[in-house]
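S.K.: As a plain string of letters, each chain reads:
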Amino acid sequence: MTVVTSGSRSRAMLPVAAVGLGALALTSLLALVDPHEPGHYPSCPTVALTGFFCAGCGTLRAVNALTRLDLAGAWDMNPLFVLAAPFLVLAWFAWARRSWTGTPRRRAMPAWLAWGLLAVVLGFSVLRNVPALAPWLAP
Amino acid sequence: MSEPEEPDTWDENLPVPPAEGPMGNVKPYLSGPGSTYPASFPAPTPPPPKQPGLPPSEALPPPPLPPATGAYGLSPPAQPNPYVTQPYAGRPGGFGSPSGPWAPPVGPPPSHMGWAVTTAILCCMPLGVVSIVYAALVEQRWNRGDVHGAWDASRNAKLWAQWSAGSVVGSFIVLYLVSRTAALFQS
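As you go down the protein sequences, you meet chains P and A in turn. For the first sequence, the numbering used here gives the first residue as 1, with consecutive numbering after it. For the second sequence, the numbering used here gives the first residue as 140, with consecutive numbering after it.
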């Protein structure tokens, strides 16, 4: 097994802690300052420049809804983020555990799953701009 | 004919005394007592492997070294694991099991898939999508046994995710400064 010294462990845990604290701070900010009201946050550059929704449009409002435990409201804003959020949290915990124990990644993701993620993100960003699907997918 | 020229440079590089004759020190290998080649016969064999630097075509095929992993927070392996260059379907032990006393367990490189998806959803989507492509290539190349290519894709996935995040942060800062300056001129 890999020998973990205290210096390498703290060095490996530093970005983990930074990301965790940053995510907590951003979530707190979104809980306190409501993004549903216009003018609180700058608009997404993608929708401001092109007029199209990207895959991330509505994420700030979705995070705000999740902090109020309003799952339906979050789903209305960005269903992809609601689906991805648990996996992102799990990925953070797995990253933290790997950094703490000093063990490298053991398994590689199946290639079909990795390419499937790409297809989901691209397909979602296209489909939410289709007018017929806008009631379900658009923010 | 380039044959008489080769021994000259050969003799300069080597501390051994130069052999006599037009063939230089190639001669003892080809026209020794038991050799059937005449002294003037062009050498049919490549020069003996005395030069430290092999031709690049022969220097490339050895198993690719994984790049330095210090930037990823992992301890760099002392030697490349020869088993990881093969598809791991053929390994009964699977990865992670110690394959020898000299080889530390080496896992797949970080694919940064979490960062790629996060930056594709939260940050600049086109750059994040490129990061997802590279993250998928990490897994695909690793599963095929391409260690070097997997590490290469890992670096690219990280780079494009950083660009996706940095571009959004930078554009927000620029937008903020522009709006403040505009408000300054209006007042």
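The hints are simulated quantities; they were obtained by calculation from the structure and are not laboratory data. Ideal Cβ positions, reconstructed from N, Cα and C, are used throughout, including at glycine. Possibly wrong hints are sitting among the right ones.
[Unchecked claim] Facing chain P, a subset of chain A residues (Cβ under 7 Å, in silico):
no., residue
1, GLY253
2, ALA259
3, LEU261
S.K.: Confirm or reject each hint.
M.R.: For each hint, the structure was consulted:
Because the smallest distance between the Cβ of A:GLY253 and any Cβ of chain P comes to about 4 Å, under 7 Å, the interface hint for this residue holds. Because the smallest distance between the Cβ of A:ALA259 and any Cβ of chain P comes to about 5 Å, under 7 Å, the interface hint for this residue holds. At about 5 Å, the closest approach between the beta carbon of A:LEU261 and any beta carbon in chain P falls short of 7 Å, and the interface hint on this residue holds.
Against the hints set out earlier in the document, no violation occurs for any number.
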